[in-house]
Every structure is written in structure tokens, then in C-alpha cells.
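There are 4 protein chains.
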Amino acid sequence: MGDNSFGTLFSFTSFGESHGPGIGCIVDGVPPRVPMSEAILQPYLDRRKPGQSRFVTQRREEDQVEILSGVFEGMTTGTPVAMLIRNKDQRSKDYSEIARQFRPGHADFTYQQKYGIRDYRGGGRSSARETAVRVAAGAVADRVLKAALGENYQIRGGVVQIGPHGIDRDRLDWNETGNNPFFCPDPVAAGEWETYLDGVRKAGSSAGAVLEIVADGVPAGLGQPIYGKLDSDLAAAMMTINAVKGVEIGGGFALSALDGREAGDEMRAGDNGPEFTSNNNGGVLGGISTGQQLVVRVAIKPTSSILTPRRSVDMDGADVEVVTKGRHDPCVGIRGVPVAEAMMAVTVLDALMRHRAQCSLFDG
Amino acid sequence: MGDNSFGTLFSFTSFGESHGPGIGCIVDGVPPRVPMSEAILQPYLDRRKPGQSRFVTQRREEDQVEILSGVFEGMTTGTPVAMLIRNKDQRSKDYSEIARQFRPGHADFTYQQKYGIRDYRGGGRSSARETAVRVAAGAVADRVLKAALGENYQIRGGVVQIGPHGIDRDRLDWNETGNNPFFCPDPVAAGEWETYLDGVRKAGSSAGAVLEIVADGVPAGLGQPIYGKLDSDLAAAMMTINAVKGVEIGGGFALSALDGREAGDEMRAGDNGPEFTSNNNGGVLGGISTGQQLVVRVAIKPTSSILTPRRSVDMDGADVEVVTKGRHDPCVGIRGVPVAEAMMAVTVLDALMRHRAQCSLFDG
Amino acid sequence: MGDNSFGTLFSFTSFGESHGPGIGCIVDGVPPRVPMSEAILQPYLDRRKPGQSRFVTQRREEDQVEILSGVFEGMTTGTPVAMLIRNKDQRSKDYSEIARQFRPGHADFTYQQKYGIRDYRGGGRSSARETAVRVAAGAVADRVLKAALGENYQIRGGVVQIGPHGIDRDRLDWNETGNNPFFCPDPVAAGEWETYLDGVRKAGSSAGAVLEIVADGVPAGLGQPIYGKLDSDLAAAMMTINAVKGVEIGGGFALSALDGREAGDEMRAGDNGPEFTSNNNGGVLGGISTGQQLVVRVAIKPTSSILTPRRSVDMDGADVEVVTKGRHDPCVGIRGVPVAEAMMAVTVLDALMRHRAQCSLFDG
Amino acid sequence: MGDNSFGTLFSFTSFGESHGPGIGCIVDGVPPRVPMSEAILQPYLDRRKPGQSRFVTQRREEDQVEILSGVFEGMTTGTPVAMLIRNKDQRSKDYSEIARQFRPGHADFTYQQKYGIRDYRGGGRSSARETAVRVAAGAVADRVLKAALGENYQIRGGVVQIGPHGIDRDRLDWNETGNNPFFCPDPVAAGEWETYLDGVRKAGSSAGAVLEIVADGVPAGLGQPIYGKLDSDLAAAMMTINAVKGVEIGGGFALSALDGREAGDEMRAGDNGPEFTSNNNGGVLGGISTGQQLVVRVAIKPTSSILTPRRSVDMDGADVEVVTKGRHDPCVGIRGVPVAEAMMAVTVLDALMRHRAQCSLFDG
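Protein chains in written order, with my numbering: chain A, 1 to 364; chain B, 1 to 364; chain C, 1 to 364; chain D, 1 to 364.
Heads up, some of the hints might be wrong.
Pairs count within a copy or across copies, as identical chains cannot be separated in the list.
[Said to hold, decoys possible] EDC-like mimics (lysine to aspartate or glutamate), calculated; alpha carbons at most 20 Å apart, straight line:
#1 K88 <-> E66
#2 K325 <-> E266
#3 K202 <-> E262
#4 K88 <-> E62
#5 K325 <-> E61
The hints are simulated quantities; they were obtained by calculation from the structure and are not laboratory data.
Only chain A is shown next, with the shape it has when bound in the complex (with noise of 0.2 Å):
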């Protein structure tokens, strides 16, 4: 599988630089005779586009994506869907100082010293702006998944953690995640995150963030063990998104100061089959999928770009400050949850479809 490549029978294959002439992906492995359109994905990307509120990059694109295959009189035909999004708003500013600076906490430095050569502009590859066709392939994923499971499927998230503060989680409500610039499932703690991000942004720095994504009406049997668990395949697909420093399932690391009493999930005969008391394994045992709610948090680290001078080296190896002025998300973390969301709408279809190619062989 290519490096730019997610996803075994369902993947994509993802392309395209910040300031380049666009962004891209082919998704392959789509199901036949699904419905699929330009204005069925659109809302998707909106989602994730800059410069909804002040919370987030000014960057203007519209990130209108174009199905350039793959779909035949608004069906999917099972050849690959190709979407393309073209850059509008790369700023023709002077990149000079940037091209020979490693900017903090950024891929500057490693891409030079991977590739000896780097397309300095806005990052380059390395911009969260390639998440964009992340959000493209997870809506045609989303898409097939509703058609394969019905409407208990629904995929959610949010941010659960700005910074210090975190939400309360007797308030929390996946239905408020709309009504507040965080994808916030807490709208008291939206209301707090506000005044600390204003805070945070004013004094020229930024904020970390933990994302809680959930998925429900997933059948239980998805995963294969041993190397392509589902946790698996979902940490690693979390992990691919920039700056993303950890991923937990389930009760995660406060699992690890428990004593098995505590952390167990114990079952019961319910009216439809067998029934959890409880979910500290996220929906996960094994690798495999319980039927229960799917739970994934993911541990966002502040935004590296800000006004406050850094410390670092130029390319030849000498000292320099680097401020990095640019349009920069306060908060990489609230944008970051709809991509998370595409990722594990991907992942789980994956699962769901290498599931089905070894284990419903002699089914229908």
C-alpha cells in the first residue's frame, strides 16, 4: 500500500500540497449503486472549511470538491471515485524567510531531512489543508455505510477538551455539537471555552484539545485479528492526522489505574441478545467489535504557528527567531473533528467490508 494511501478493500489514496494547484484523492473499493453526488458530499466538507468563526483559520477557500469518476447518473458504479479540490486562496506573500527557516513544531525540519528538498509554501504537504480530501472520502464511506447498516448507524463527534477545561459529561448531548464554533457537546463549556480561547489567541499562542468521536449502530464482528484490530486500525487511522500525540479507546489510560473489578465490562441477557453494563472497552474486545457504541479519544497538541517569537535554525544551521504571523487555527483541535469523524467513517467500513469478504462467504 502506498504511503499516501489509507484502507485495505476500502482506501484512499490522498494528494496535493498547501499552495499547490490543488488536493485530491481517488477512493477505491466503493460499493456499486450507491447514491452519490457532488451536493451529497458538499456538507460534509463545509464542516471542516476555514473561516467559520474566529475560532479558527481565515484561509477563504470554498473547497468545492469535483467528482471527476466513478459515479454514473448519480450512482456509484464500483470503479473509482476521483474528487479533486482546487486551491483558491494560496497568498502570493513572500516566502522567502520561511524557506529557509524550520518553523517549530512542524514538519519543516523532518521533511528537509527525509527528502532534502521541501515545498516550503504553507507547509507544503505537511499543511493540515490535505485533511480536506480526508473529509471527501469519509462522506462517500459515511454514505455507504447508511446504505449498508441502516439508520442505527450514525458516526458523531466533538471536542471534549479545549486546553485545561473540559466539558461535564452529565451535560453532554451529541446534538449541541452544531449549535457552537467547538463541535462542543457541552454547551455550558462551549460558553467557557470562548473566553479562553479569546484569551489564548490575544496573548499569541494557542490552544491543545482532546476529540471524542463515537459510533453507533456498528454490528458487533468488525476487526480482524491480530494485525488489523479494529482499535488498531482505529489508532492508526487517528494518528495520521496532524498533531494528533494519542489515541485512546474506551476507558483508555485511566483503564491502566484501575483493578479488574472495576474495569470489566460484565453481560447480562437482554431482550435482544446479550447486553454490556457497561463500555470502558469502547466497543472493543479482542479487535473485534462488541455492537456497542465505538469510543475513540484523540489527544491534539496546540497549534505549533504562533505570534509568539520561537526559538530555531535556518538551513544552515544557524540560530534565528521564527514567528510564524500566517492564518492559523487557534485551535487545530475544532477542525480536526470532522476529519476524525472521515477517518473512522473509513475505517469501519473497511472493517465492515473485510469482515464480510472472509466471514459471510456462504451467506445469501
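Starting from the known structure of chain A, fit chains B, C and D onto it as the hints suggest.
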């Protein structure tokens, strides 16, 4: 890639059940002309071997590895290295009870849901016994890495938290991990943990843990953006280990609570090129190694097999109480250390080979 | 996918050298709940076993296969099926000569060039002995296909040409292949070949061959365009077999000489849907199965190991004369038949699983 | 690896339908710092461009390639190179007839069987139009190979047979392929073919062909046994090209008729190391390159689209007669030459990178 394979260029494919004839793996992509023998590999396996203290399972397995191929006159030949470990201590106990019950927190339920059949003896394929072959594959990787990267290269790991009890970072000394039954790098903490874990064990329960694995001497430039990032591959690797529920790189979840001035790693000109003033990013920026120490932490849930009765259901969906007698690790995290080290070795070598394939084509 | 693995969803990874401890493979992606045992697999291996006539190698190998995993109480469980065949008849002959010489037509030279080291005993990894494990993997595939496709499914093969001597198509009867030492579907030709091959053998030489493998009962729709075409996968499969130098599907090279009116396969309405009036395309159109018989032909070069002295060089680059004594097949094509059948079974099952993964998501 | 991807380390993923908005591909694994631009790539595409003689389709496509990513300031950066070719000459003809009929010899029937839906316009995804993007990907590979292997490296190809008419090997001159409309390396044969092909065309029919592709300057050691053999990968590559029904390496099928004394390639000490006295094996032994010229031949069936009425069925299964008007190549083999060259370039570069990843770890 098959579901039971890990890695791309340097890869291994694993097989075997807890109570079947044996377990083993085929390691593919092994560079030729590296000294290799059973005598070289055995010490790696011995570190993970059961029965070495009262804090791990008392199952008696010598875990003697037999090399079946790929080594000729004490050297790798470039052809696949197959390794076999025969199971010895499969107790001929009566499995009739466990055969029809789902042990809570185990994969019994999900394997049955997925495959409609399962080898229930000792957890079958989902048993942590499988991890022995990872240690064998990791040992091969480690020897190749030493040959390729030299003496500065080293992977070390240990338990840094058991239950709620962490270590004192000021006392952290990786050389201490061989001096206590916990692979603990803090000798004082290790002493305290004995008391804690004895208590948990006597209460018929078990404990969670946090592992930390570090790699030194890894050159800058490893990791393949976007979907083959080094941290993504490390996260996937760790999440395939039994009972792991979380992974973090460098500062991990703690970074989410910081602001951008605290979280960033600055750089300064050093005697041998650029130097970082801190390592919050755990040695990875943009998915590519920085040349600093790689730092990964892994959350492990408490062992699910405990003597305390747990509520569950049986194959007919009826309520049952399950007491898992058997010979179990009171804290599976302990023996997870050599496994996590092995997974890191395989991941780093794979990244090195992928990097060189693309970026060293015009060298040498 | 590792270099020693074949297949994508249904795959196997092979290991072993001609004179090492043993050979074997791990079959991954095996659908669960298919009856499986050593007794079921052994007859497949027996067809390829050496020493069954004077026209094949006299090496004594029972090729007893041991199942190490993935089968429980006589059924596949969905976990990987590992199989081991211990080598028995590794003659303790003096290899000092062959160790330093490159046998012409063999892989001795290229392995040395590639790896800088080689296990020279009996050709090491490049020996056709490796093909025994393909037969084992193919046997697993064949049993799964029978379970999935029913009684109409059947893969058969034979030798249709030895040296310059072909068969009479009017006498072709696949049931005859078990009645002569050549897997020849034409009993008259088989008789003539005995004379020819005895002559070649006595002259200290060897003979080439053409194999034909056909599959019936393969449904329409298998094969994944564009780069996972069924015929492309079949060609790759056949070309991995030792000594194969050509592959054709259906009419193959003969079609190149025809014009478009002769070469096409027309269709007519039939009692059970559309029927083809001919099968020049060998059951594949656009890389997808048509539902007709799959037809593959394979060109096999004469065995390179012959008693006639051949000119070559040694490790120092000095001229030498090589006479390959050993125990060799005068026509390797013969024992290639069960191998080619096995590769077709694996390829067809893999295509079936890939097809269903993508196109049967909304069924059943 | 997705179904529309080819290659492992150096790979490309293709998209697009004959009459959709455009076709293109993403090339992944591109080594950095190789000069690249549209001006460099366009000449490769121009060789395959339609409408250049009366012996190929008259469709008007400029096949202007746009590089969307992966190139910065005239150099590859190591990030994926996406390329887009907009379709221009999609005739707005009435497709109502073809929409409901299966053109014999085409993939109409099998796509419908597989996917239950198809983009019938001009064959949709199964059109040979897709092969333009292979040429673009192959051009990238070719430039990288030139940079890596130097001036001795060269891939050349041509048509060596059209219908029943071959070439005279004594007149073979690869420099002649640019001087006639057939890429024929024998100028005398090329003259004869004009007459033959005019006749076929006027008769409302089409002709088959045999292509030969050779690579010089490929070092010994490329190819990954056992299932990543160079010849196996080449066979797979060629078999993915539309209308290909056979592949042979070196002597190919002709070797089957020889005995072992005739078929083998002997070696002698030469001035620059061992030399082969012949090349029956086409530059590959045991799946690994010998350092000799790589020789592949490809059988191409006659174009299925002909003016002569053919019997077929429609979507209702009723008998119909099909006359394929459109603008078709009377011999698709001709424009197959640059495509086959491109597939060889991609295959060889991929093999080179895989080889170096495993076997050059300790160099440089």
C-alpha cells in the same frame, strides 16, 4: 496484507493458538548477511517467558524457538525466517464450562460473533500467548537494526505505572528494569508495587499498567507521510497488543492541556547540527523522526481473568457467573514490555527500509 | 505484502529451503467453519509427491503435512492455518562443488548477485521443493471453493505438450489425467511421450512442456479491474512457478494472428441466460470472469539440471564445466500440474472474496 | 493495495472513464530531487496519443497532462505526483443503443454482471483510454530510472507481429520504431503491414498483434522471490493492459518444445565479469534479473469493436446484432507499445526499490 501480518517491507506473519500444537511466525524482508541463530534469539524470548515471578502467569513454557528457514551457516540469507515454538504446558483440563461461557472482558464473545466458531481452549488465538512470536520477530529486527544503525541504537522499555502508582521521573534509570520483577525503571517504585500487587492478587483481582518504550539512535527522516507516519505505525503496532487501550507519543494527552508556548519543542544550533531543547513531540514531527529519542507510552487494562465472580452470559444467552481460575498474570502489563519493545523494533526497521527505498536511491 | 506471500484476502506466506529443516506456509483469510484436516489435505500433496514414476525426481519425500493452527475439532476457525512439512531426504552429499559454481539455467547466480550469500544445498530457496506448500495452500482454497460454489466448481489440469509433442484436442478428456504418469488428458499422446521422454532422459537431457489448467463453475463477475484483473492475477500466479516462461489465457498468442471476426466470442440467448458461442477469451473479459470455463496455459522450460556438461563460471568468475547429477525431474512440467492447479484455486478464491467484499455488501 | 493501484513501493493509482470529466493517476513513492515537469512528461503521452495515423482511432484527444502535486520548482519532492488529463472529445452521440446491448468481446457484459450498473459511454472504465495515465506514470518511472541507472538504462518496444505477419529478426533495429506508424523495428515488415491492415480495415474487421518490450541496463539482482519475482510482476503488468491474452519472457512458449541442451543459457568469464552466451531466459533466472536484456512479449487480440455485425444479447437477454461504429483502433496493439513500455518501467523501478530496501541496508 493478511490480517495476521504486521509490517510492509520488513514484516512478519503469525500463527497459533494457546493450546494448539504450537505458535510461530514467518519473518519476511530480512536483510541478508546478518548473524542469526537460536542462541541469539532465545534471550529475547526469555525476558517474556512466563513463570519468572509470582506476578506473572505460572504456566510452564520454555518457549524454545526453532528456526526453520532463512538462516544458513549462522547468517540470514534474505529468504524468509520461519520460527516455531511448540506449546508444552497445555493442561488437559476440562474445558466444558468455558466452552459454553463468555468470559467478561475477553474476546470469547466477539470471536464467537465474528466466526461462529472458536477454539475456546485458553482463549485460542486471542490468548496473549501469541505475543511470544512477536518477541521472536522483534529480536530479528533488533539484530538487523543494530547492524544497520550501530551501537547508538537501542530500544528499552519498562512499566512506569501499575494501578494508580506511577514512578518518580527523577529516579528513572532504564538500567534498573532488569533488577525487579516489573521491568520498572525506578527501583523505589518497584518495591512499593510488590505490596500493591500482592494485595490486588490476594483480593482476587488484577491491575492495569502504563508502559513506556524508548528508542535511541534512530536517525532523522524515518516515517512515510501521510498514512505511513512513524507515529501512526507505532500506535497501530502497540494497539495490536492484547489489553492495550491507549497509546501516546511524547507528551501525549498531557499536551492537550498546554498552550502553544509550553508545548512546542524549540531548536538551537549544536555542535553536531541542530539540537532540540525539549522532546514534547516524542521524537516525531509530521510523522517523521527528528533524530531525538522516540518515546511511546501504552495503557494496558487490568487482566480480565480474575478470581472474583463476574456476571456474564453463555452460548444460549442465559445469565451465568464466571470465575476464571487458570494461571493468569495479575498484571498483563508486565510481560507486555518485551512485546512492546519488539513491536517498536519491527516498526522502526520497517520505517528505515521504506525510507531508504524511496530516499536513498541515488546514494552508494 | 511480503515477497513470500501470495494473494490479498485469501493469502498464504511460504517459507523453507530444499535442504533445511522443513518447508511450510501460513494461510490467512481462511473462511471459518469449513471441514479441514490433514487427511483432507494429504491427497492433494500426494499428487505432487516425488518418486511416483521414472519421469520425475527420485528424491524420497513423504510430504506429510502437519496442521499447526487454525483448525479446531475438524473445522477451520477463521484464524490462520499454518502447515509444516519436514524435509526428510536431504542427502548428506558433498556440496563443496556446487557451493562455488553457478549451475546454468538455475538461480544460483542471481541469488548470489542479489543477496551476496546463498544456501546452495539443492538450490536452497529457489528449489521447486517450495511448491509443495503451494499445493497445501491450494488444497485449503479448493475445499473452501467447493463449500462456496458447490459441485459445479472444479479445477483440473494436465500437460498438453511435452517437448515438441502436443495432444489431439479431439481426444482431450480430463478424466484421463490420473491414468498416466504425465497428467496427460490424451491417453494416446501419453503413450507416445513415454518413448520421447525416455530418449531425452537417456541422452542426459530434459524436456519442456505446456500445461493447461481449467476451472469450471466459476461465476461471472470475479476479478477486480483495473490492476486486480482475474487474468492478470492468474498470469502472476503461474509466473511465480519455477521454470515457467509464458502464460496465456484462452486463445492466447494464437489470437494475435487472427482478425476480429475470427477472434471474438459471440453471445446468444440461452435457456439459463446469455450463452457464449465460443471461448477464445478463456472465460475472462475486461479482467472479469464471464461464467464460462477459465482456461490458462503455461509454458515450462526444460529442466536446467541435466547430465550433459554445461559451460559456466564459479564464484571467482573462472570458467568451469558443470554436470548436474542429483535427482532431478527430466520434465519439471509434469509435477507442475498440481502446483498450477493450486495457484489457480488460490487466485479464484481470492477473487471471489474480493468481489463479494465490494459487490455483495447489500446482499443477505 | 487497491484494485486500481499498481506497484508496491513505486506505485500508481488510476481513475477515470472514457467519457467522464477526465482521467488521471496518483504516483506514490516517487524518489525526491528528480527533475520533472509537464514538458518532460508530454512527449511520452504524445507517443500514445490517438489520431496520429489511419491505423489508430481518430478520436481527438490532445492528452495534455497537468501535474497537480509532488513537483516543486521543477523537481520531485517525494510527495505523491498527481496527474490529470481532461477528456475533450467525448462525442455527444446517442448511447441509447449501446446502453442496453453487450458489445461482444468487450467488458460490457462482465461489468454489468459484476457491478449491476455500468457507465456504458465508450466502454466507461474498461476503455483503453485509461492506459494514457499508465504512460504518464511510466514516464515518471522512466525519468527516475534514468537518474538511478544512468545512460545504459533504456526501455524500448515495438510491434513484432500484426495478424499472421511477423518481422525478420535479422532486420530488427529498435531505432526504426519511430519511422513507421506501427512502432515496427523492421522497416520492410512495416511496409507490408500497411497493405495488410488496410485490407482488414476495409473488410470491417481488425487485427491482433504481438508486442516485444526490452530493457537494457537493468542491473542483476532485481526481483523478489518467491511471489514478487520480476517475471511474475512483469506478466501481471502486461496482463492488465486491455486486450492482452498472453505474456512470455525470453524464449517463452518456444522453450517448451526444446530440450535442456538447447534451452539453457551458458556462462563464460568475460572482461567485466561473467557473461551469458545466450538469453533464452529473457534476463530473468529464478525471478531475479541476470543483468542481461529483459525481454517480454505480449499477445494482443484483435480489436473487438468492428463494423462487421456480431451476434450478442441485450440487457433483457434477447438476441441482438451489434455493429460497433465509433472511432476505433483497427489494431489496438499498436498504441499498446508505449503502454507496455510504461508498465515495464514502473515494474523495473519498483523492483529496484524493493531490492535496495532489503539488500542495500548496509551500503552507503
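We went through each hint and held it up to the structure:
1. K88 <-> E66: Classified as both: same-chain Cα gap 14 Å, cross-chain 17 Å, threshold 20 Å.
2. K325 <-> E266: between (53 Å within a copy, 17 Å between copies)
3. K202 <-> E262: Only across copies: K202 and E262 sit 16 Å apart there, 43 Å inside one copy, limit 20 Å.
4. K88 <-> E62: within (8 Å within a copy, 26 Å between copies)
5. K325 <-> E61: within (18 Å within a copy, 45 Å between copies)
Checked against the numbered hints given earlier, this structure breaks none of them.
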